[in-house]
Amino acid sequence: MITKNFLFTKIFISIIFIFLIQFFSINSYGVDPDEILKNKKQESRARNISKNIRCMICQNQSIDESSAPLAKDLRILIRSKIKEEKNNEEIYKFLTDRYGDFILLKPPVKLSTLALWILPFIFFVIGVFIVFSHNKKSKNI
Amino acid sequence: MKKKLLLIPLIFFLSILLVFFYLLIIDRKPSELPSALLNKNAPKFETMSLFKEKKFVSSEVFGNEKQLVNFFATWCKPCRDEHSYIKLFSNREGIDVIGINYKDDDQKVIGWLDELGNPYSDIAIDKNGRIAIDWGVYGIPETFIINSKGIIKYRHVGPITKKIYKKINLIINEIE
Chain A
1 MITKNFLFTK
11 IFISIIFIFL
21 IQFFSINSYG
31 VDPDEILKNK
41 KQESRARNIS
51 KNIRCMICQN
61 QSIDESSAPL
71 AKDLRILIRS
81 KIKEEKNNEE
91 IYKFLTDRYG
101 DFILLKPPVK
111 LSTLALWILP
121 FIFFVIGVFI
131 VFSHNKKSKN
141 I
Chain B
142 MKKKLLLIPL
152 IFFLSILLVF
162 FYLLIIDRKP
172 SELPSALLNK
182 NAPKFETMSL
192 FKEKKFVSSE
202 VFGNEKQLVN
212 FFATWCKPCR
222 DEHSYIKLFS
232 NREGIDVIGI
242 NYKDDDQKVI
252 GWLDELGNPY
262 SDIAIDKNGR
272 IAIDWGVYGI
282 PETFIINSKG
292 IIKYRHVGPI
302 TKKIYKKINL
312 IINEIE
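Order-wise, the sequence lines are chains A and B.
Just so you know, we're using my numbering here: the first sequence kicks off at 1 and counts up by one.
Just so you know, we're using my numbering here: the second sequence kicks off at 142 and counts up by one.
Treat the hints with care, since some could be wrong.
Restricting the straight-line Cα-Cα distance to at most 30 Å, the calculated cross-link-like pairs of lysine-lysine (DSSO-like) are [as the list claims (entries may be wrong)]: (1) A/K41 with A/K137; (2) A/K72 with A/K106; (3) A/K81 with B/K268; (4) A/K72 with B/K268.
From the derived model, a few chain A residues whose C-beta atoms are all more than 12 Å from chain B [unchecked claim]: (5) F6; (6) P33; (7) N39; (8) K41; (9) S44; (10) K51; (11) Q59; (12) A68; (13) T96; (14) D97; (15) L111; (16) I122.
Hints listed in this document are in silico derivations from the structure and should not be mistaken for laboratory results.
Cβ atoms here follow ideal geometry from the backbone N, Cα and C, with glycine treated the same way.
Hey, can you work out the whole structure from these sequences and the hints?
Written as structure tokens, this is what we have:
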């Protein structure tokens, strides 16, 4: 019994440890040191924008994480736009004008993407309805 | 009544299966994305021309006749594969073939064209890839078809194959 408990504690500690490593590690490996802006405020803005921009080559990564040449070009471009004092909307518009909405990792709420945003809620409501009506029936029996 | 209701999930499941099967068998490449520039003016840019002793000014080049714009580089293997088709386009009546050389070395391009033949009436040099970004290019080779008003009518990502060659020929006939 004691050994069994000991095993569980060991597994539990290991799991906590893995989570902690995940939590404290910096997941970015895309940004090269020479790209980083000296102004910390501008750099963090660039990082935040980059995290929302899809790398068109490795389509499920953001350009912040990707080491593809085009991702690097876009990161540098975003930084130069920030230096030119362009605001975030202007930078996003610059990119979507050229690459379409697909370059945004999060699709914008538009008439054409409405189903994408609303359907999960509709399915949730249907699900809740089914569960409740089922429970009611079971109680009646 | 209840038995009929129980059929609904089955029908739902089968219809999803059907949709998936349909998407599987149709000729579809998820990595190929529609261009955001379709039916818009070709982007404006100025750069050096590879063989002419003058600048390549896009507003002077585009908008006079139907044109095919091909992004290529000597380091790109699929560009070599599609080269014979680009040459076929240059021999065809009614279309002007323009090249945009992406992140490349001028001397290598000249050697490459000496070896394979030059289908381009002019080549713009895109040393740092900045022009390609304005065109929404993400993987060369990429080919654009521009009408005589300078509006982009078609974009193809990847090498031109026999099938795409035929498709582009039809598009060239259709557009103004």
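Exercise. Looking at the structure, which of the earlier hints fail to hold?
Worked result: 1, 11, 12, 13, 14
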